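Asks: Here are the chains, one letter per residue:
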Amino acid sequence: MENEKKSFFGRLKEGLSKTRDNIVNGIDSVFNGASEIDADFYEELEENLIMGDIGVNATDSIIERLKAAVKEKHVKEPSACRQLLIDGIREQMQVGETAYDFEQKQSVILVIGVNGVGKTTSVGKLAGKLKDQGRKVILAAADTFRAAAGEQLTEWANRAGVEIIGGAEGSDPASVIYDAVNAAKARKADVLLCDTAGRLHNKKNLMDELKKMNRIIEQEFPNAHRENLIVLDGTTGQNALQQAREFGEVTNLTGIILTKMDGTAKGGIAVAIQSELHVPVKYIGVGEQIEDLQKFDPDQFVNALFDIEDGTEENI
Amino acid sequence: MAFESLTDKLQNVFKNLRGKGRLTEADVKAALKEVKMALLEADVNFKVVKQFVKAVEERAVGADVMNGLNPGQMVIKIVNEEMVSLMGSETTEIQFQPGKSITVIMMCGLQGAGKTTTAAKIAGKLKQKGKKSLLVACDVYRPAAIKQLQVNGEKQDVEVFSMGDQISPVDIAKAAFAHAEKNGHNVVILDTAGRLHIDEDMMKELAQIKDAVTVHQTLLVVDAMTGQDAVNVAKEFDEKVGLDGVVLSKMDGDSRGGAALSIKAVTGKPILYIGMGEKLSELEQFYPDRMASRILGMGDVLSLIDKAQANLDIDEDKSKEMASRMKKGAFDFDDYLESMKQMKKMGGLSSILGMMPGMGAKMGDIESMVDDKKLARMEAIVLSMTPAERKNPKLLNPSRKNRIARGCGQDISQVNRFVKQFEQSQKMMKQMPGMMGGKKGRGMFGGMGGGKFPF
Ligand SMILES: Nc1nc2c(ncn2[C@@H]2O[C@H](COP(=O)(O)OP(=O)(O)O)[C@@H](O)[C@H]2O)c(=O)[nH]1
Ligand SMILES: [Mg+2]
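Note that the protein sequences, when read in sequence, are chains A and B.
Take the first sequence: its position 42, counting from 1, is numbered 42 in my numbering, and each next residue is one higher.
Residues are numbered in my numbering as their position in the second sequence, beginning at 1, plus a constant of 316.
Mixed in with the good hints, there may be bad ones.
Lysine to aspartate or glutamate pairs mimicking EDC-like chemistry, simulated, CA-CA at most 16 Å apart [said to hold, decoys possible]:
id	chain 1	residue 1	chain 2	residue 2
1	B	Lys366	A	Glu46
2	B	Lys349	A	Glu91
3	A	Lys203	B	Asp568
4	A	Lys204	B	Asp570
5	B	Lys349	A	Glu46
6	B	Lys366	A	Asp190
Covered stretches of chain A (chain B as the covering partner; in silico rule of three or more C-beta atoms under 8 Å from a C-beta of chain B) [unchecked claim]:
id	region
7	105-118
8	141-148
9	172-181
10	232-239
Label pairs and their calculated CB-CB ranges [what the hints assert, rightly or not]:
id	chain 1	residue 1	chain 2	residue 2	range
11	A	Lys204	B	Asp650	28 to 34 Å
12	B	Lys498	A	Ala168	32 to 38 Å
13	A	Ala68	B	Glu637	33 to 39 Å
14	B	Glu598	A	Asn158	31 to 37 Å
15	A	Arg245	B	Arg722	58 to 64 Å
16	B	Arg733	A	Arg245	47 to 53 Å
To be clear, the hints were calculated from the coordinates, so they are not data collected in a lab.
Computed from a predicted structure; not experimentally measured.
Where a beta carbon is used, it is the ideal one built from N, C-alpha and C, also for glycine.
Go ahead and model the full structure; you've got the sequences and the hints to work with.
Replies: Structure follows, in structure tokens:
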């Protein structure tokens with residue numbers, strides 16, 4: 001019995017390392033390796049997309065669309081198929097012209113997401129970016145739950161050289177938001193950036209708390225331009241779609257900050273989110289330093305998704 | 317939701333297959349195609365899924381279909397068993413050094429995985445076991461990381477050792493060990509900074525800590541929501557640092573947690589704990605079987621399998637006999653009572669139907685047709701019959717039926733309808749030998765998944 005189990009495990013592990021060695025990474029190997037557009041070809045393509053965390057459903061619909069385009073345009077060569085696929089996803093991931101309007105307006109940005117995805121860090125980085133553009137920024141430290149969250153954001157405020165409004169650990173985050181909104185109005189800040197506590201989207205009380213914060217901003221600062229940015233960890237799998245869905249129920253999501261894109265994860269779930277919920281990725285996080293936040297570039301994203309070496313020089 | 321459609325899909329795949337004694341290659345392939353989708357949706361790594369499915373296929377083809385299950389459920393049963401055995405057949409615990417020796421635990425993982433919180437949770441758990449832990453702040457990089465550990469240590473009433481953020485983590489670890497020796501701690505828990513598995517310098521730092529102090533348990537903390545990349549992360553940490561165990565964090569979310577299977581498959585290291593919340597008490601033991609059913613997303617089918625197993629183990633002989641009687645059309649009212657008894661053991665009809673793949677949507681109809689209350693009324697009718705009537709349904713003439721109606725306090729029309737339905741079912745059973753009597757005698761519930769219920 002014991003031996004049988006071991007050999008099952010052994011076989012599995014062996015198979016894994018074999019597959020790892022055999023498969024040249026990247027989609028170009030699929031395109032260059034295949035001699036015709038057949039079932040095998042699409043299967044390999046599918047494998048590539050799923051390995052990038054795009055998910056079964058979104059992958060299916062991408063492949064279906066690709067098949068339709070191949071048929072319509074009478075494409076015969078696998079390599080010609082490549083551009084079709086890339087263009088399709090890139091097209092879909094376009095950010096939209098008004099996406100960064102908040103940079104020019106008096107705005108309140110609420111940064112939300114589950115625990116540990118990089119909200120505080122992203123707030124710090126974004127503050128630095130806006131400050132560099134000459135905007136007057138105030139941070140609201142509305143994570144009053146996690147140990148030392150306030151200290152963490154204070155450090156970022158110092159790094160960015162911006163003001164911070166906080167509250168004691170355990171205090172009501174909505175009252176921190178209230179104070180910060182009024183401070184932003186009184187001091188004529190351009191942008192109020194609100195860091196919030198990490199909360200799992202399936203916890204009703206915490207989502208209600210978020211709703212309350214959102215309502216306070218609406219009531220206290222109705223004229224401000226609003227952004228609700230959800231921070232998603234690029235290494236997260238299919239659950240990120242559920243996160244976006246649930247946070248979107250509570251606030252009107254205007255964009256995604258996709259973090260930890262300096263690792264080896266592809267962040268493909270953002271494609272699924274874009275196609276189902278139409279929320280665009282606006283920024284990607286590429287490290288722990290203040291400059292490690294970039295505006296989202298669909299070309300780079302697609303290249304990284306497929307491990308395409310050429311194309312843009314910028315390294316993600 | 318995802319899994320309703322999975323059970324439904326499986327149901328569709330198997331609607332034409334019943335009463336087979338063995339799983340054919342076609343059965344297995346069809347079922348595993350759906351299983352594969354479910355695993356991918358759960359974030360199990362693509363390559364792990366492929367290998368896993370292949371290995372299961374080898375085991376499943378030709379396997380006997382167990383009493384009380386249809387081929388689809390049988391495949392799921394095998395999938396589940398293999399998953400449980402792959403994830404470690406039983407729960408594992410942290411190994412401590414003997415006697416007064418200090419056990420050194422090092423936490424490691426990606427940024428934001430939950431290392432600091434988990435370190436404090438473990439310290440609290442060990443305190444309950446009478447251990448004296450020292451939490452050590454080796455994250456000198458992230459702003460306020462030290463403070464976070466200090467606050468958590470205070471909450472747990474566990475001492476925190478820190479030297480600020482200007483000393484190297486290697487030196488901090490060394491000093492902490494000396495401190496622990498002097499002060500009678502028997503556990504040292506090193507909280508390290510989050511790092512990317514491809515960050516060579518930072519990975520080296522962990523190896524250097526291990527060179528400087530003897531680390532007995534290197535624990536990788538992984539977010540349960542991790543996607544396809546979990547294999548790369550786990551593999552790199554295991555190769556470059558060396559892992560002894562894994563902690564899955566954020567399991568109080570609604571992710572399916574397929575990363576657990578991926579990580580186990582590439583490292584072979586046991587999963588020790590799961591994080592179930594932000595509070596420092598929320599750390600639980602890991603149970604492979606629960607994890608398997610969560611990943612598979614078919615807890616409903618799995619509990620049906622369990623129940624079928626429990627009942628049919630006991631009642632196998634009886635069901636065999638009953639099945640052969642059904643086949644001959646000799647099914648009488650005693651058999652009816654017996655089958656009702658079996659069904660009750662399985663949690664009542666609506667509970668069984670609710671667990672059947674494909675029944676979700678049709679529940680309403682079926683329930684109104686054969687709800688548990690109605691069954692109780694039917695049972696009352698049978699109980700008002702004499703033993704001779706039960707053995708020989710043909711005896712039932714109008715005057716006997718009237719007596720029975722009075723006996724059970726029901727209308728004669730209800731008794732008539734029931735007897736008629738019973739006769740029809742008897743005929744149906746004769747016509748469907750495949751359904752009722754595979755060569756192993758599959759009992760009342762064999763192949764019942766299609767929703768064709770004799771009553
Ligand atoms: N490598 C990398 N780490 C990041 C990035 N963004 C945040 N982090 C790290 O992720 C961890 C959690 O970040 P934090 O901002 O505290 O997350 P929060 O709980 O959502 O506020 C910290 O260690 C950060 O340094 C990123 O883009 N890349
Ligand atoms: Mg934070």
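Asks: Does each hint fit the structure? Answer for all of them.
Replies: Cross-check of the supplied hints:
Of the supplied pair hints, the one linking Lys366/B and Glu46/A holds, its CA atoms being roughly 13 Å apart against a limit of 16 Å. Of the supplied pair hints, the one linking Lys349/B and Glu91/A is violated, its CA atoms being roughly 32 Å apart against a limit of 16 Å. For a cut-off of 16 Å, the pair hint linking Lys203/A to Asp568/B stands: about 9 Å separates their Cα positions. Straight-line distance between C-alpha atoms of Lys204/A and Asp570/B comes to about 13 Å, which keeps the hinted pair within the 16 Å bound.
For the given pair, Lys349/B sits about 15 Å from Glu46/A by alpha-carbon distance, which is consistent with the 16 Å threshold. Among the hinted pairs, Lys366/B with Asp190/A is inconsistent with the structure: their alpha-carbon atoms are about 53 Å apart, more than 16 Å. For the region 105-118 of chain A, the stated coverage by chain B is satisfied: 5 residues place a CB nearer than 8 Å to a CB of that chain, which reaches the threshold of 3. Counting residues of the region 141-148 of chain A whose C-beta lies closer than 8 Å to any C-beta of chain B gives 4; at least three are required, and the coverage claim holds.
Here's how the region 172-181 of chain A fares: 0 of its residues keep a CB closer than 8 Å to some CB of chain B, so the rule of at least three is not met and the hint is violated. As drawn, the region 232-239 of chain A meets chain B at 6 residues by the rule of a beta-carbon pair under 8 Å; at three or more, the given contact holds. At roughly 52 Å, the beta-carbon separation of Lys204/A and Asp650/B lies outside the given 28 to 34 Å, and the hint is violated. At about 36 Å, the CB distance of Lys498/B to Ala168/A agrees with the hint of 32 to 38 Å.
The given range of 33 to 39 Å is broken by Ala68/A and Glu637/B, whose C-beta atoms sit roughly 58 Å from each other. For the hinted restraint 31 to 37 Å between Glu598/B and Asn158/A, the CB-CB distance of approximately 33 Å keeps it satisfied. Taken as a hint, the range 58 to 64 Å holds for the pair Arg245/A and Arg722/B, whose Cβ atoms sit roughly 59 Å apart. Range check, Arg733/B to Arg245/A: about 48 Å between beta-carbon atoms, so the 47 to 53 Å window is met.
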